[in-house]
Amino acid sequence: MNDVMFARGQMAMSLAFHIVFAAIGVAMPLFMVLAEVQWRRTGQADWLALAKRWAKGTAALFAVGAVSGTALSFELGLLFPGFMEHAGAVIGMPFSLEGFAFFTEAIFLGLYLYGWERLRPWAHVAAGVVVAASGVASALFVTLANAWMNAPRGFRVVDGAFVDVDPVAAMASPAAAHEVVHSVAAAYMATAFAVAGVHALALLRAPAPGGDGPGALAAGALRAFHRKALGLALAVGVPAALLQPIVGHWSGQRVAALQPMKLAAMEWLVETRAWAPLRLGPLKVPGGLSVMAYNRPDAVVHGLAEIPRADWPHPLVHRAFDVMVGIGFALAGLSLWAAWLWWRSRSRAPKADASGAAPVGWADGRRFLWATVLAAPLGFVALEAGWVVTELGRQPWVVYGVLRTADAATPMRGLVVPFVTFTLLYAGLGLAVTAVVWRHVASTLRPAPPAGPRAEHGDHDDHGDHEHHDHDHHDHEHQDEHGPRPSHAEDRGEGRGGEDP
Amino acid sequence: MSWGAPEAVAAVMLAALVLYALSGGADFGGGVWDLLAFGPRAAAQRRLVERAIAPIWEANHVWLILLVVLLFTAFPRVFAAASIALHVPLTALLIGIVLRGGAFAFRQYGPPRPEYRRRWGRVFALASAVTPVVLGVVVGAVTSGDVRLAGGVPVGGFFASWVGVFPLSVGILTLSLFAFLAAVYLAHDASRLARDGAGAGAAAAGDFAPEVARALAEDFRRRALVAGAALGPAALAAALTAGPGTLHFRAALLGSPWSWPLQILTGGVALGAFAALWRRRFALARGLAAAQAALILAGWGLAQQPYLLPPDFTIRGAAAPARTLELLLAALAAGSVLLFPSLAWLYSVFSRPAPRPRPRAG
Chain A
0 MNDVMFARGQ MAMSLAFHIV FAAIGVAMPL FMVLAEVQWR RTGQADWLAL AKRWAKGTAA
60 LFAVGAVSGT ALSFELGLLF PGFMEHAGAV IGMPFSLEGF AFFTEAIFLG LYLYGWERLR
120 PWAHVAAGVV VAASGVASAL FVTLANAWMN APRGFRVVDG AFVDVDPVAA MASPAAAHEV
180 VHSVAAAYMA TAFAVAGVHA LALLRAPAPG GDGPGALAAG ALRAFHRKAL GLALAVGVPA
240 ALLQPIVGHW SGQRVAALQP MKLAAMEWLV ETRAWAPLRL GPLKVPGGLS VMAYNRPDAV
300 VHGLAEIPRA DWPHPLVHRA FDVMVGIGFA LAGLSLWAAW LWWRSRSRAP KADASGAAPV
360 GWADGRRFLW ATVLAAPLGF VALEAGWVVT ELGRQPWVVY GVLRTADAAT PMRGLVVPFV
420 TFTLLYAGLG LAVTAVVWRH VASTLRPAPP AGPRAEHGDH DDHGDHEHHD HDHHDHEHQD
480 EHGPRPSHAE DRGEGRGGED P
Chain B
0 MSWGAPEAVA AVMLAALVLY ALSGGADFGG GVWDLLAFGP RAAAQRRLVE RAIAPIWEAN
60 HVWLILLVVL LFTAFPRVFA AASIALHVPL TALLIGIVLR GGAFAFRQYG PPRPEYRRRW
120 GRVFALASAV TPVVLGVVVG AVTSGDVRLA GGVPVGGFFA SWVGVFPLSV GILTLSLFAF
180 LAAVYLAHDA SRLARDGAGA GAAAAGDFAP EVARALAEDF RRRALVAGAA LGPAALAAAL
240 TAGPGTLHFR AALLGSPWSW PLQILTGGVA LGAFAALWRR RFALARGLAA AQAALILAGW
300 GLAQQPYLLP PDFTIRGAAA PARTLELLLA ALAAGSVLLF PSLAWLYSVF SRPAPRPRPR
360 AG
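From first to last, the protein sequence lines stand for chains A and B.
For what it's worth, numbering that gives the first Met the number 0 labels the leading residue of the first sequence as 0, then goes sequentially.
For what it's worth, numbering that gives the first Met the number 0 labels the leading residue of the second sequence as 0, then goes sequentially.
Bear in mind the hints are in silico, worked out from the structure with no lab data behind them.
Quick caveat, the model's predicted, so the values are computed rather than measured.
Wrong hints could be hidden among the right ones.
To give an idea of the chain B side of the interface with chain A (calculated C-beta under 7 Å), a few residues [said to hold, decoys possible]:
| hint | residue |
| --- | --- |
| 1 | Leu-93 |
| 2 | Ile-96 |
| 3 | Gly-101 |
| 4 | Leu-338 |
All C-beta atoms in this analysis are idealised placements derived from N, C-alpha and C, irrespective of residue type, glycine included.
This is chain A alone, in the form it adopts within the complex:
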């Protein structure tokens, strides 16, 4: 490996690490604020427990996203100064806007996490909405910059210099619309199925319904809690996963028009031909790729043989594309199943009782729950695979057709050192994050109703408040007085109810 490869390796590794937290930062705030809205609306303590749990998860992962994102903004220059020297003036604009969006997200997340007691109810919900919206805005702006790298506009090259710079035209790259929709939908899809998988597993592990006595009552409350979480996650994930194949098709057509060689690499089509086939594992659909790219089975698709062998993207693009598409269809299929189950339950099942604890949930079937558990990591795998397709498929260009990656890299030698350092650093962080998330998930899976007072006694640091030493103490008192389920009126009282589990 030469230094350029190490530079690319470090950039790829940093992005692959960051994108997980970025996607969670986009999607997770929506879950937390939807759960809080449900709590304010219904007064059911389960929703408050969920909002706090999800807020806490968001907070821990947001911090890692914030620092790994900072690293990226420096690494652009540290590894590819030639790119930033030319591209900075053209495409710095969306990065600046992203900076503001990120600022907004950080400010309002601080207000949300630590403001349960200090803000009025409406202000607290509004802060959460701002977090969710600015997360999407961040994704939008940063994807605009990536779209420009794939379909650069808004400048001319004269003697190697970028002149007649028009940042607005650069932001309106023809690759922008589909990339943004595809990325944001992917963030929601990946996060939603990961959350759904956790609560599906919890439902599978929960004691079976039926019987009576206090044990059965606790089991019922536990199942009601996880059903709420699963339902909310699927309410976001199912539409996103059903939308994604359509957006994917649109993206394929745009890539065919804008970056024909990336499309060729995605299906590893060497010879230019009509009736280009689509290979899905052992299956070969004649004309499938032609349809994907141009909506006609007899359309001519350009093959890699049109460009010099040395400029072919890495074959991994093809593998990653298959993984992404395969998972996309699998999650869409699971989503159709979920939609059918839900629709069927609407037409025949009895209405839930006032506490929201229906005797049987619409998604309680063990086969469906197991499928959801297995699907939990798939969205993130697809997200990473899609990222590989778009980034590796752009090579050997950093600015497609304009500036080669190798020409943009830093003259610094010995890049193996920072590459190895950052790899170890992120591996360590990855392990630490996994441990924190695992603990979070394990506390969710524990067979006691997380909304009940017992769980809160044993797990008091679940409060989204840093002054927990202080609050432990009050919470114990409150619980002793109010009993396990505070009434609606009390729970919703003056925003202070936020600390009552």
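Dock chain B against chain A, hints included.
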């Protein structure tokens, strides 16, 4: 020098640097005091630091991101040149930033086991102490006039421009400044906790009971006095070790029309901050300490003019095309309408004491 869009963006960047030092810098300083916590109240000192920075450090940190983004949008050639020549210290800076933030989050959200919290707390504290030094080294190298490229590679190699006594002195100055700011802020926080706690009963102050909070205010008052006193020698060391590349900088710092008014004002504010700390006027001390830090950085920025990265890049000469700068300034104006009220809300919400628990229902 005439003012135009490049100078306006440079001024915004200087303002962002000042705000980063006052907010994010103080958060790093908090980590320094976590590292140096000692005595019977060491645990309480660490809790006070954690309490102070937990809700705001991510927002404060964004000033640095904004600074980098503005640099590469408005002055892309400077960003590229500095990124090449200062590759090593900037990489070290990133490692420090990542470790500091990650460790703080893990300590906060990980298992509450004491040994786990202690381990990540140690990482957080060490990274908080090392990162400001590295940041100061980078600022020192930028000031030194030694960051130059010839044929796309750094003159003298990848180490010569930043390995030296002068950049290190600026690094130590930066560390002292951040630690000073943090100690003053923490003394103020503790004194407020003591006052609110005494008024509202121990519960409102949590585990910072009034007598503990009062003692903490004294702890951080002493630390602030020590760190503030260290600023003088650190600045002197930087001044004495500055090389020939800083000739323009030193001449501007001492010989401009604004030089002596600024120097006198900075000195006066510094003495005022000291006196306020001495007399336990913590709110006043906080304002004066922040003003002192802002004036030091403003003096640095003014003396750098017209250079952004001396001697090869001036603000005017390295600027991006006018269209980019105009759009950027428009975005900054629109963004600040959003940003400053939000920040004001964040700070005001968390500078108030926590609301008292609800009166017990029968």
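A quick look at each hint next to the structure:
Restraint check, Leu-93/B versus chain A: the minimum CB separation of about 5 Å is within 7 Å; hint holds. For Ile-96/B, the shortest C-beta to C-beta distance to chain A is roughly 6 Å, which falls under 7 Å, so the interface hint holds. Taken as an interface hint, Gly-101/B checks out: its beta carbon lies about 5 Å from the nearest beta carbon of chain A, inside 7 Å. A hinted interface residue such as Leu-338/B counts as satisfied when its beta carbon comes closer than 7 Å to some beta carbon of chain A; here the least separation is about 6 Å, so the hint holds.
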